[in-house]
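Visitor: One-letter residues, chain by chain:
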Amino acid sequence: MGKDSKVMNIKDSKYYFNIQDKENIYGLLNVLENRFYIIDNDYELLKFTQFLFIRSHQWYTMVDLSSSSNKEEIENNNCYLFGCLDKDIKSTNIDLNLKEVNSDLLKRNTNLDFFNHSMQEKLFFIRGLIGYSKSLIENFKEKEDNDSISYKKNLLLYKRFLNIVLPEDKQIDSFILSEIESLDSLSKHMSNTFNKIIFTLNSIDLKNLLIQDIKDNFKNKLENNFFNNNFNFNKDFIKLILDYLYE
Amino acid sequence: MNKSILKDIQESATINNHALTGSNIKNIYGNYWICLSRVLIGTVDLRARMGTFTNPYNTKSNSLYAIPTLRPIDDKLTDLYDARAIEIFNHAKIQNKKICIMWSGGIDSTSILVSFLKNLSPRDHEILTVILTSTSILENFNFYSKFISEKLKCLHYFNVEMTDDFLNKNIIIHGDPGDCLFGPNMNMYRSFIANGTHKMNWKDNVRAMKEELNKIADTVMPHKNFGDWYVDKITDNLIDSKQDDYVSSISDWWWWAYFNFRWEFSCQRPFFYLRNFSSAHPISQHNVNEFAKNTFFNTEKFQLWSYSNLKLLVDQDVKNHKKEIKEYIFDFDQDEIFKNKDKVGTFTPISYIRSRIITPFYYDKNWVGYNLDHKNLKDIAEMCMERYKG
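Those sequence lines, one after another, are chains F and A. Throughout, this note's numbering is defined as the position within the first sequence, counted from one, plus 298. Throughout, this note's numbering is defined as the position within the second sequence, counted from one, plus 4.
It is worth saying that the hints were derived from the structure and are not from the lab. Note that CB positions come from ideal geometry on N, CA and C, so glycine has one too. Keep in mind that a hint or two might mislead.
[Stated by the list, open to error] Among the chain A residues that face chain F by a calculated CB cut under 10 Å, a handful are:
#	residue
1	Thr63
2	Lys64
3	Ser65
4	Tyr69
5	Ile90
6	Asn94
7	Ile98
8	Ile131
9	Leu136
10	Phe151
11	His160
12	Ser359
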């Protein structure tokens, strides 16, 4: 798909994904077309995707479909066939407040003259990229937290021991604190990396650039000015993200 | 090949060969070079201060760390320590600088700290700051509790960044290259130590030395005869330097491999580890020179003492290793436990924290660091490895 998009179904895109359950379903609705472009179980990822496109003045309304009576019918490969009931549409607009936007689904005709396949694929691509980044960071962070936990535990015990045997020493607490802060610094940096991903994507015109251009733009920012320290993690993280982008 | 980058590497302060681990090099000699830091633990950069020795980048040794004209002297080690501490103290006073002593708790850095505590009056201790970590206290609790805790100013190692600003205000003192002076890591010739044959003439045992090192290297690059290559290179240099008769035993041979080749890097180790967050900013030539001048052991006398006392460094009884320095410390602290302690390796929070950081591939002559992903540096480094003729 992408630049030479002729494919009518998002299912053929490599960025396509199936939702996992029908309990917690959210969708991004193009209000003017009254069609869903993407549905997801992950509220946070979909919300960030919505915000990132707003920057380019591409507005989607976030709709909670979890309580819809006919939610079983919708999937990502057919979401373009669904919209919201007219009474709900009137109150939605571009509201960012999820509570006010929930609706039963309205099955629409199959006329797709105005449906923007390229934009839909971009939504899937961006959602995929931030989802992959998030899970990658969580995996790195879990390993780092596991690796450093015993050091932290022992440092705290060591501090307790030194406080007992050298009760007059006023510096030991700050020594140990410096080391615990240094141990924690990578984990904090990893947590902040997701914020940097969002910040970086927000600086790119997602609406008007082609997916390939978005990738190149993002790659450039990632390699040149993404990190200002030299944790080994940065190198590994960038490599995996680039592998994902250009696989 | 980018000539300006290559020239910069050739004039560099140090090269972190460890950064090339994992590179796909076809040339066996390039692979030997890359494996140096994994086989010979602690080796980062290897430069010959004396005699010929080819390396992949054609880097030269820095005259600030030159080897003196080698000759025997009669000076006592304790006198050298005392005189050096006073010399540095006087220099610090003139320059209006503080003296920051990096104290790991080990023998070398403790001996240096002792030299200052012994030779400075208590009121002059104000000029001293001890740079340490919690592991330093673990390494030598008695010394910390008796002489440092609540007596000397302390600064955590993580709060030190080797910048011009820091060096304008402080003289940094550290225990390297103690191993080059007092006898190297005996792990490299451990079977000779175990058999008590390490004082035999190396010329009669070249084959056995190669096989010993091949065995160690096989854990990194199996069946590639790394030991043959390395022993030949050091031996050729020893002969070329006309020291092959004086440097006579197997333990002496290993002393030479440290003393001539690792001195320069060891002296500059604080720059290597303490520029993680400032390596984009250069160190002035004045501070580079001052650092070399104030490196505690980087004097003609200390080096000549080491050269003159080869027989003592690693004795027939290896328990005597660093015996004179331990006695120097003991005379001051009266700590029998530390005097008789065995050397053990530790993997501490500091080692772990450091292992998560990328160290630049090379530091230029003003200690500006460049990672391998800078421009086409990786390609240039790999090209050097492919062209290296051993």
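Visitor: Hints first: check each against the structure and report whether it holds.
Guide: For each hint, the structure was consulted:
1. For threonine 63 of chain A, the interface hint is violated, since its Cβ never comes within 10 Å of a Cβ in chain F; the closest pair sits about 23 Å apart.
2. Hint status for lysine 64 of chain A relative to chain F: violated, with the closest Cβ pair at about 27 Å, above 10 Å.
3. Against a cut-off of 10 Å between C-beta atoms, the interface hint on serine 65 of chain A is violated, since the closest Cβ of chain F lies about 27 Å away.
4. At about 26 Å, the closest approach between the beta carbon of tyrosine 69 of chain A and any beta carbon in chain F exceeds 10 Å, and the interface hint on this residue is violated.
5. Because the beta carbon of isoleucine 90 of chain A sits about 28 Å from the nearest beta carbon in chain F, more than 10 Å, this interface hint is broken.
6. For the restraint placing asparagine 94 of chain A at the interface with chain F, the shortest Cβ-Cβ distance is roughly 28 Å, beyond the 10 Å limit, so the hint is violated.
7. Look at isoleucine 98 of chain A: its Cβ only gets to about 30 Å from chain F, farther than 10 Å, so that hint breaks.
8. Given hint, isoleucine 131 of chain A at the interface with chain F, is violated; its Cβ is 18 Å from that chain's nearest Cβ, farther than 10 Å.
9. This hint holds: leucine 136 of chain A has a C-beta 7 Å from the nearest C-beta of chain F, less than the 10 Å allowed.
10. Below 10 Å, beta-carbon pairs count as interface contacts, and phenylalanine 151 of chain A has none with chain F, the closest being about 13 Å; its hint is therefore violated.
11. Because the closest C-beta pair between histidine 160 of chain A and chain F is about 4 Å apart, less than 10 Å, the hint holds.
12. Using the Cβ-Cβ criterion of 10 Å, the hint placing serine 359 of chain A at the interface with chain F is satisfied: the shortest such distance is roughly 8 Å.
Of the hints listed earlier, those the structure fails to meet are numbers 1, 2, 3, 4, 5, 6, 7, 8, 10, in rising order.
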